[in-house]
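The numbers in my numbering rise by one with no breaks, and the one at position 122 of the sequence shown is 195.
A couple of the hints might just be wrong.
[To be verified] Pairs of lysine-lysine residues, derived as BS3-like cross-links and limited to a Cα-Cα distance of at most 25 Å, are as follows:
1) Lys-553 - Lys-498
2) Lys-414 - Lys-498
3) Lys-531 - Lys-498
4) Lys-553 - Lys-523
5) Lys-261 - Lys-226
6) Lys-498 - Lys-454
[What the hints assert, rightly or not] Restraint-style ranges between C-beta atoms, simulated for each label pair:
7) Gly-515 - Val-196: 33 to 39 Å
8) Gly-335 - Pro-484: 44 to 50 Å
9) Thr-319 - Pro-222: 46 to 52 Å
10) Glu-88 - Ser-135: 32 to 38 Å
11) Lys-104 - Leu-202: 51 to 57 Å
The hints are simulated quantities; they were obtained by calculation from the structure and are not laboratory data.
Beta carbons are placed, not taken as given, at the ideal position from N, Cα and C, and that holds for glycine.
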Amino acid sequence: MNNFAFSKKMREYTEMSMQLLKAELFTRYNKQKRELYTISELRQKSNKFIKDYPVIMSTTYSLRQSLSDKLFYDYVIIDESSQVDLATGALALSCAKRAVIVGDVKQLPNVVDTDMQIKTDRVFSSYKLKEPYRYSNHSLLSSVLELLPNVPKTLLREHYRCHPKIIEFCNKKFYAGQLIVHTEYTDKRPPLVVYKTQQGNHARERMNQRQIDIIKQEIIPNEKLENVDLGIVTPYRNQTNALQKTFQGTSIKADTVDKFQGRENEVIILSTVDNDITDFTDNPNRLNVAVSRAVEQLILVVNGNDNENENNISDLIKYIEYNNFSIVQSGLNSIFDLLYKGYEEELAKVVRKSGKVSAFDSENLMFSLIKHVLEEEKYLKYDFLLHFPVRRLINDFSKLAEEEKKYALNPLTHLDFLIYNKLGKAPILGIEVDGFEFHKKGTRQAERDKLKDRILDKYNIPILRFRTNESNEREKLTNKLNELQR
Numbered sequence: 074m075n076n077f078a079f080s081k082k083m084r085e086y087t088e089m090s091m092q093l094l095k096a097e098l099f100t101r102y103n104k105q106k107r108e109l110y111t112i113s114e115l116r117q118k119s120n121k122f123i124k125d126y127p128v129i130m131s132t133t134y135s136l137r138q139s140l141s142d143k144l145f146y147d148y149v150i151i152d153e154s155s156q157v158d159l160a161t162g163a164l165a166l167s168c169a170k171r172a173v174i175v176g177d178v179k180q181l182p183n184v185v186d187t188d189m190q191i192k193t194d195r196v197f198s199s200y201k202l203k204e205p206y207r208y209s210n211h212s213l214l215s216s217v218l219e220l221l222p223n224v225p226k227t228l229l230r231e232h233y234r235c236h237p238k239i240i241e242f243c244n245k246k247f248y249a250g251q252l253i254v255h256t257e258y259t260d261k262r263p264p265l266v267v268y269k270t271q272q273g274n275h276a277r278e279r280m281n282q283r284q285i286d287i288i289k290q291e292i293i294p295n296e297k298l299e300n301v302d303l304g305i306v307t308p309y310r311n312q313t314n315a316l317q318k319t320f321q322g323t324s325i326k327a328d329t330v331d332k333f334q335g336r337e338n339e340v341i342i343l344s345t346v347d348n349d350i351t352d353f354t355d356n357p358n359r360l361n362v363a364v365s366r367a368v369e370q371l372i373l374v375v376n377g378n379d380n381e382n383e384n385n386i387s388d389l390i391k392y393i394e395y396n397n398f399s400i401v402q403s404g405l406n407s408i409f410d411l412l413y414k415g416y417e418e419e420l421a422k423v424v425r426k427s428g429k430v431s432a433f434d435s436e437n438l439m440f441s442l443i444k445h446v447l448e449e450e451k452y453l454k455y456d457f458l459l460h461f462p463v464r465r466l467i468n469d470f471s472k473l474a475e476e477e478k479k480y481a482l483n484p485l486t487h488l489d490f491l492i493y494n495k496l497g498k499a500p501i502l503g504i505e506v507d508g509f510e511f512h513k514k515g516t517r518q519a520e521r522d523k524l525k526d527r528i529l530d531k532y533n534i535p536i537l538r539f540r541t542n543e544s545n546e547r548e549k550l551t552n553k554l555n556e557l558q559r
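Construct all of the structure, not just a fragment, from the sequences and the given hints.
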């Protein structure tokens, strides 16, 4: 057996099987002209239709209603059955003489929203059904396995997708080593890489801008992924939306892990989002799906916070370390990282050196940054002021609508910082520090921000906003100043 060329023989058997299938199809359909059917004829001539077209592809929802309700298929093969809900699964089974149910209980089940869960649980309780019929808890696959424990089962052990080192993690972690891997080792790119952010509270409302910045500014250029079949998966819809917006107009595909089930990409980036890994992100089924989407390379992006918790994600990191693959510490940082617990000493040092000019440490950090940038020789002609009233920037209020005028004249309306030219005192650049929670979309403050931006735009005064969940503030500031000098 040691000398048996298993992969070679499997290719031979696969090719022979395909030749036999094609030969049978040729014998059956050679020189026959198959009839074309209208939509209405599908139900009227169903038996004739399936003789002409014996293999039909359909959703579980549509299969029953597409042809005559008196028609029964010899076989109904239901793929990805762990994601098929009980209702549509039952519809598909209702027109089957025999059924082959294909799925993996170690991958993700179908998602049932809260409203549907409440409604179906009410029905479940009213009729006192057995647990496997509970719509909110079971997929078609899990229900059948519980109801029919003795049904014949076959484990599809052969694996043909992932690089051996990628699928080896899933094989050991989730499948007790039962998989037989038929892919081959390649050195095209390292199969597993971890990128860690700087320590910090980067995740807000299930979105992590720092991880997105690392993907765009570090991972894609460093790993040479510009022209690669690349997918980015994440546990959360908010992160997916932000990723899709960032990579809009590119070939990069971004979605939740749940939506990626059944798909694959040459390279997969898994953005975990969480500051501290949650049970949702660490769900073994979710991680199994995420890892096994990658054909050649999996890149894991995690927060760099010190966390000694034992979980599935930490097991993946340990596996990557044990196999001597790269653990990359991101160089992307933010002045606002010092607001995170653990940086108290560094924050105090910055404030002592530059002075505590504000009750908000975010503004103290920005004050220090602007001060140091303007000390560079090419910016010596500039100076800056803190909390400069907007009304003092405007001589003629006639350009403003009534709401804008009222807001501009309010004594509390100010720019966090104003950079101006020392010689002519002309305003050069307004700077705002936007705390994520206070300035997030949909808040009253976010509306005031838009109002302030409109006012300044009417008087050709540029404004630069720094959000406390973003990064590279020094680069953004110097780039803007350089742009204004041209």
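Evaluation of the provided hints:
1. Taking the CA atoms of Lys-553 and Lys-498, the gap is about 19 Å. The hint holds against a cut of 25 Å.
2. The straight-line distance between the Cα atoms of Lys-414 and Lys-498 is roughly 40 Å, outside the 25 Å bound, and the hint therefore fails.
3. Restraint check: the Cα-Cα separation between Lys-531 and Lys-498 comes to about 19 Å, which is no more than 25 Å; the hinted pair holds.
4. Simply put, Lys-553 and Lys-523 have alpha-carbon atoms about 20 Å apart, close enough for the 25 Å limit, and the pair holds.
5. At most 25 Å may separate the alpha-carbon atoms for a hinted pair to count; Lys-261 and Lys-226 exceed this at roughly 37 Å.
6. For the proposed pair Lys-498 and Lys-454, the alpha carbon gap of about 10 Å is at most 25 Å, so the pair holds.
7. Checked against the hint of 33 to 39 Å, the pair Gly-515 and Val-196 passes, with Cβ atoms roughly 36 Å apart.
8. Against the hinted window of 44 to 50 Å, the Cβ-Cβ separation of Gly-335 and Pro-484 comes to about 59 Å, which falls outside the hint.
9. For Thr-319 paired with Pro-222, a C-beta distance near 47 Å keeps the hint of 46 to 52 Å intact.
10. Between Glu-88 and Ser-135 the CB atoms are about 34 Å apart, so this pair conforms to the stated range of 32 to 38 Å.
11. Remark: the range hint 51 to 57 Å for Lys-104 to Leu-202 is upheld by a beta-carbon distance near 54 Å.
Checked against the numbered hints given earlier, the structure breaks hints 2, 5 and 8 and satisfies all the rest.
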